[in-house]
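J.: Chains as they are written, first to last, in our numbering: chain A, 1 to 248; chain B, 1 to 248.
One or more of the hints may lead you astray.
Said to hold, decoys possible - Short, incomplete list of chain B residues facing chain A, as computed with Cβ under 8 Å:
no., residue
1, 104
2, 143
3, 155
4, 158
Read the hints as simulated data drawn from the structure, not as lab findings.
All C-beta atoms, glycine included, are put in the ideal place defined by N, C-alpha and C.
Listed below, chain by chain, are the residues.
Protein chains: 2
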Amino acid sequence: MHTNLDNQNPSQQVTPGLLGARCRDCSLQELCLPLGLSQEEMERVDELVSQRKRAGRGEALYHSEDLFDAIYSVRHGFFRTDVLLEDGHSYITGFYMTGEIIGMDGISTGKYSCSAVALEDSEVCVIPYQRLETLACEVRSLQQHIHRIMSREIVRDQSMMLLLGSMSSGERLAAFLLNLSERFDARGHSPVNFHLRMTREEIGRYLGLKIETISRTFTRFQEEGLMEVRHKHVRLLDVPRLRHLIRQ
Amino acid sequence: MHTNLDNQNPSQQVTPGLLGARCRDCSLQELCLPLGLSQEEMERVDELVSQRKRAGRGEALYHSEDLFDAIYSVRHGFFRTDVLLEDGHSYITGFYMTGEIIGMDGISTGKYSCSAVALEDSEVCVIPYQRLETLACEVRSLQQHIHRIMSREIVRDQSMMLLLGSMSSGERLAAFLLNLSERFDARGHSPVNFHLRMTREEIGRYLGLKIETISRTFTRFQEEGLMEVRHKHVRLLDVPRLRHLIRQ
DNA sequence: CGCAGTTTTGATTCATCTCAATTTGTGTGG
DNA sequence: CCACACAAATTGAGATGAATCAAAACTGCG
Chain A
1 MHTNLDNQNP
11 SQQVTPGLLG
21 ARCRDCSLQE
31 LCLPLGLSQE
41 EMERVDELVS
51 QRKRAGRGEA
61 LYHSEDLFDA
71 IYSVRHGFFR
81 TDVLLEDGHS
91 YITGFYMTGE
101 IIGMDGISTG
111 KYSCSAVALE
121 DSEVCVIPYQ
131 RLETLACEVR
141 SLQQHIHRIM
151 SREIVRDQSM
161 MLLLGSMSSG
171 ERLAAFLLNL
181 SERFDARGHS
191 PVNFHLRMTR
201 EEIGRYLGLK
211 IETISRTFTR
221 FQEEGLMEVR
231 HKHVRLLDVP
241 RLRHLIRQ
Chain B
1 MHTNLDNQNP
11 SQQVTPGLLG
21 ARCRDCSLQE
31 LCLPLGLSQE
41 EMERVDELVS
51 QRKRAGRGEA
61 LYHSEDLFDA
71 IYSVRHGFFR
81 TDVLLEDGHS
91 YITGFYMTGE
101 IIGMDGISTG
111 KYSCSAVALE
121 DSEVCVIPYQ
131 RLETLACEVR
141 SLQQHIHRIM
151 SREIVRDQSM
161 MLLLGSMSSG
171 ERLAAFLLNL
181 SERFDARGHS
191 PVNFHLRMTR
201 EEIGRYLGLK
211 IETISRTFTR
221 FQEEGLMEVR
231 HKHVRLLDVP
241 RLRHLIRQ
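Make a model of the complete structure from these sequences and hints.
T.: Dropping the structure here:
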């Protein structure tokens, strides 16, 4: 019943909904948009979320200033969102893994305020925003969940403000690693043994530190026996002590 | 028709809806929740927003961890929201003036994640959240506006992340002053001549700087002819150059 | 008028940035 | 498969901006 009416970027590879690519069958239900919906409600969301979009490594899902028409949920892969400044510098506002929602910053002005770039070959579910809003009016629990997701983003950003405003480099990196650890854990991956998808430079742009400081702090953490890090592979050796470093 | 059924904090002074205290008569319409609503829709919001709540200087509207049940729109006065840390320190996540909405951080977990403290004797409109959600299901433009307000908060927090992550003390203070200036301007006050409601220490906790740094930066700005500051009174003398300082 | 709280100013310390060089890793094409 | 070039990461030395510690000046309130 759902034709491809939705505004879609023709330059991007888009696949229509496939069997097995439905919310009701998706392993990310518990993390993603349909969280807490009944079977019937989920089917209605399924009608909405009928498109996938791929982005190869380094490719952008959308750019800052693009017309906002959809939010995206990460099906697989890894994204960063970053804001470009006039002087050529840029900073990273977030990293997103499977089940997480990208693009809500665009709602307020009708244009995305940042660009979403894939850190590895990735795929997202396209959630057309107009239709989502319509459905949210009818499905109360969906509306509530959308509000919770947006509010969660606000709280997340505010804890980032704490980090950037008052933490040392060590505290920042520890907080960053523990946050990744929890999110991998929630997805059934090892919380102590994982691959960093981002470069040191990207970590730095996210944490408000220079690449050299990131590198030195990794080295220090290793010397102190807190972790092992080899290239992009990380093994957390002393989570309690890492937690103690940031004491919250 | 609106009785005082809403969950309200009995320790706070609450006044029922008064003639002249309705959204449809309120001078803040253009800034506040009812923005963009039709006359009829506004009347429905009015039924919802029937309570006011006062908070004297230094008093909290709510505390971190309190049960979330309402968001608030500032009728008059000035608020800050802050997060207390275990070690006794705290940081400020935002300042709020008339027409601005406080408390959306509570939606995600059902508890407020910060405390809202009045910087001067203030009054807010109480917007019971359950009922707002119900009404938003029926009034599409209200739902859209709520989403825009939340998204705006996300964008605002992200520009704060830029400030905290990559700006010098001078850039931070200039950005802070210009932001206040714009908000006063939008409310019909002078954009170059205004009173700071907050202490230097509070500015510091907001900008991620120590009070001494705030003070020194004010002094420097004065020496450079950018502004005059005497106690809490500020006069911006060279807005273009202040803007140039932050170059966006 | 005096006292507590706030703000300013000064001297010093310290963490991170900057600049620079080196090492290591990655991808490409011969 | 190796060599090459380029990108990413590490390490070191020195510069710098903000924090810290300390004291003085100012303000406003009772």
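J.: Need the list of violated hint numbers for this structure, in ascending order.
T.: none
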